[in-house]
Each structure stands twice: as structure tokens, then as C-alpha cells.
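Visitor: The lines below spell out each chain.
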Amino acid sequence: MKLTVKLFAMLGEQLGPTVTIDVAQPSTAAMVKPALCQQAPALKTLINNARIAVNQEFIVDGQQVLQSTDEVALIPPVSGG
Amino acid sequence: MAKIKLSATPLDVNALYQALKAPEYGGIVTFVGTVRQWTGDIETQSIEYSAYSEMAISQLEKLAAPIEAQGARVVIAHRVGHLELMDEAVFIGVAAAHRAEAFEWCQYLIDTLKQEVPIWKKEFDTDKVRWGD
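So the protein sequences, as listed, match chains A and B. In terms of our numbering, the first sequence has 77 at position 77, counting the first letter as 1, and numbering is strictly consecutive. With the second sequence counted from 1, adding 1000 to any position gets you our numbering.
No lab work stands behind these hints: they were computed from the structure. Any given hint could turn out to be false.
Lysine-lysine pairs mimicking DSS-like chemistry, simulated, CA-CA at most 25 Å apart [stated by the list, open to error]:
#1 6/A / 1062/B
#2 1114/B / 33/A
#3 1062/B / 1114/B
#4 1005/B / 1021/B
#5 6/A / 1122/B
#6 1122/B / 33/A
My request is simple: use the sequences and hints to build the entire structure.
Guide: This is the structure:
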């Protein structure tokens, strides 16, 4: 299935505000980073340092199964305040 | 419900403070984070803040809810966009019956904001542009 992933900060700057990845169905949240790394190997470190949010919540379990309608985002280390 | 916002325009610190006042509160603690010029020998000229707005607001609401459930009032405002030196980047205010919990909750909110809320700064320094950490 196709999944749109929102990107922010340095990741958004490099790859644009969203990127579409193709993942198996069913897919888990843990499969998002490897799929993105494959698409943008140069940004592997940045991608792996980011956290994943599904429907605006940080995931607590990488085994969470994703639906194509889920809002998935990659959250680089935050620096507000 | 806590008053929480991301603002593309300068923070009106006095208005935010006024929103905390109520007869039941005897202690109001506010924290204001501003754009600092020097970090060691790195000189900052300006900062651009960006956010995953919907998630940032819902994260902040989740942080504030248990504090408000204990009878306090929480006001949080964070800037997005381009800020110059000395501009207010964040305002955190907690009004409580007594000072001890107001201090404690205010510190908790700013510390947790810096870890868990999807807001990012891009620093324009005199030597280069850096994404904050």
C-alpha cells in the first residue's frame, strides 16, 4: 500500500513536506524508516534519529499496524523552547 | 481547558500573564524563553521556528491537562516564524493556589516541551545555519 509520510525540519528541507512510500500490507510502524532509508539512502542517519508519530502521537510500539488512512510523520529531534 | 497556541506574530507577554489571573490563585509562575545571542563562541543572529502544528498543540494540551485537573491554570504560547535577538520564543505560565506547585509545574512544562513537542528551530549564526538540538 502507499503511505504518505509527513516530514519536518531538516528532513522536510531535504525531501519536501511529504514523501510517499510503498510498503507491504499489512505494515507496522517499524517498517516506515527502512522504507524511507531505501528511498533516500543519503539521509539514513537523519531518518534513523527521528521518531515516528501515528495520528499525531509518538508510537510506543513499533509493531503497531498501519492503515493507509493513518497520518504518519517522522519527527526529527525537537528543539522548541 | 488550558490556553495553548502557536503564534506567527510576537507574543503579547502581558496579555498572556493577564489570562492566568483569578481570585483562587495566589502564585503565578511564568517562564519566557528569548532568542540569545551567544552560545559559547557561536553567535546567533536570528532563529526560525517551525512546527508540526496540530501535533504540537495536542501534545501541549496533554501535558497541561493533568496540571489543570489539579486546579491550576496553564497558558502556553510558542512562536513560529522568524525571530530576532531578544524576541520571545515561548511563554509558559502556571497559576496555582500556592507558589511551590506553580514553580514545579512551570519547570516541568518547559522541560517536557523541549523533549516531546514537535517544534524545531533553525539558527542563523554568523558562521553558518544550524538546525537546533
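Visitor: Taking the numbered hints from earlier one at a time, note which ones the structure violates and give those numbers from smallest to largest.
Guide: Structure breaks no hint.
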